[in-house]
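Visitor: The sequence shown lines up with residues -18 to -1, 1 to 358 when you count with mature numbering (1 follows the signal peptide of the UniProt record, and there is no 0).
Derived by calculation from the structure, the hints in this document are not laboratory data. Any given hint might turn out to be false.
Keeping only pairs whose Cα atoms sit at most 16 Å apart, straight-line, the calculated EDC-like set for lysine to aspartate or glutamate is [stated by the list, open to error]:
hint, residue 1, residue 2
1, LYS283, ASP80
2, LYS207, ASP235
3, LYS58, ASP68
4, LYS35, ASP235
5, LYS58, ASP84
6, LYS283, ASP28
7, LYS283, GLU83
8, LYS158, ASP268
9, LYS176, GLU231
10, LYS224, ASP268
11, LYS58, GLU83
12, LYS176, ASP230
13, LYS224, ASP190
14, LYS224, ASP208
15, LYS158, ASP68
16, LYS283, ASP268
17, LYS219, ASP190
In this text, all values refer to a predicted model and were calculated from it rather than measured experimentally.
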Amino acid sequence: MSLLRSLLYLSSVSLASAGVLGVQDTNALFARHDDQCAVTKDNQPDWYLRNLKTVRDIYDLTVYPNQVPIILGGGKAVPPGLFAPDAIGRVSPVGEFDNFEDSIEYFFALAPTPFTNPAGTAFYDAQVVNFVSSCPSVASSLVYFRTGTVDMLGNLNESLPTTTLSQVSFWHFNDKGEVDKYQSWIPNLQAWTKASSGIDYTNKQVQDAVAGGLCPVIQQRCQGKDLQFKDEQDCTKQLGAKPFGNFDEAWGDNLACRTIHVILTMVRPDIHCAHVGPTGGGKCIDIDYSVDYFDDADLFKEGEGTTFTCGPDLQPDDHVGAGPGAAKIFADLAKQVAEGKLQIPTIGGMSGAVQMPGMPGATRGQTPPKGQGQGR
């Protein structure tokens, strides 16, 4: 049996054994969902239509030039009814936003414009392609940002290539129907950046040139009390010593993060100049992945499984690991091996049987003695 087939077989056995781990019957789960689901194609409550309209209106404002009044006027230019005054949220891989102004700047001021990038690209359409809302306070969506080169009036140059950026979001609405909490994820931001700009930021020569490109902009926008560096030479020296990072992990003390935040210095330099400076100003700083991406209780002031859930709060599992079903999984596997129905592959120079408890020739799941069964 090939290694791939062996792994697939083991995976299927693990899934088949899920019932002994306390997992509920999936058919029952789906049946219960169908019974409780109030939204159908022919039955769309007012709150469902309201939530859908709010999400669409938010994303429509990312399409150039719809966001320009917000870039110039700030929060007061955002139409009422979209974001609550206390809106907070997290956007991976960019960071957390703990107030209204930070939130609207992320959604609208970071949306590309033809005058903020050399390629002249912008979103020429924002299509909500998937949307689910099963209760008035919660929704989820998938949006496709269609991206291409546009002129100053937003007309698409159809002779040039276009591309698409996607965003998956969970939304929480207050009693007025405003978004007060959100959690979003932008996959493949690095690949989109290359496709939309034509710039390969993985190229070392490009990375080395970024600091030189950022510093004139930083020095122009960050002056007086917002000054971050003595001069361009000081800026280039300090930023040039930092890693570039990448746009799929733009939350860090790197140049990728500052490339994003320098856009916001034209909106509120008093806030964002610190983010592009030598310390990162609390935004472009190195974080603890295991903590900062999952600090829901601190950000949303609610426990996990609460904010974006319809109905009762979801409770975490009351055990760690596979539970008592683990022993049965390996007992079943051992029986199949003994009957010649399953062959344990050798992976990385180590016999799988040595590691798996209950297998013929196994050492009861313990690490084998030094020098036995281990690749060197």
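Visitor: Against each hint, give a clear statement of whether it holds in the structure.
Guide: Hints and how they fare:
no., hint, verdict
1, LYS283 with ASP80, "11 Å, holds"
2, LYS207 with ASP235, "22 Å, violated"
3, LYS58 with ASP68, "14 Å, holds"
4, LYS35 with ASP235, "37 Å, violated"
5, LYS58 with ASP84, "13 Å, holds"
6, LYS283 with ASP28, "28 Å, violated"
7, LYS283 with GLU83, "19 Å, violated"
8, LYS158 with ASP268, "37 Å, violated"
9, LYS176 with GLU231, "15 Å, holds"
10, LYS224 with ASP268, "11 Å, holds"
11, LYS58 with GLU83, "9 Å, holds"
12, LYS176 with ASP230, "12 Å, holds"
13, LYS224 with ASP190, "10 Å, holds"
14, LYS224 with ASP208, "21 Å, violated"
15, LYS158 with ASP68, "13 Å, holds"
16, LYS283 with ASP268, "23 Å, violated"
17, LYS219 with ASP190, "11 Å, holds"
Hint violations for this structure: numbers 2, 4, 6, 7, 8, 14, 16, all remaining hints satisfied.
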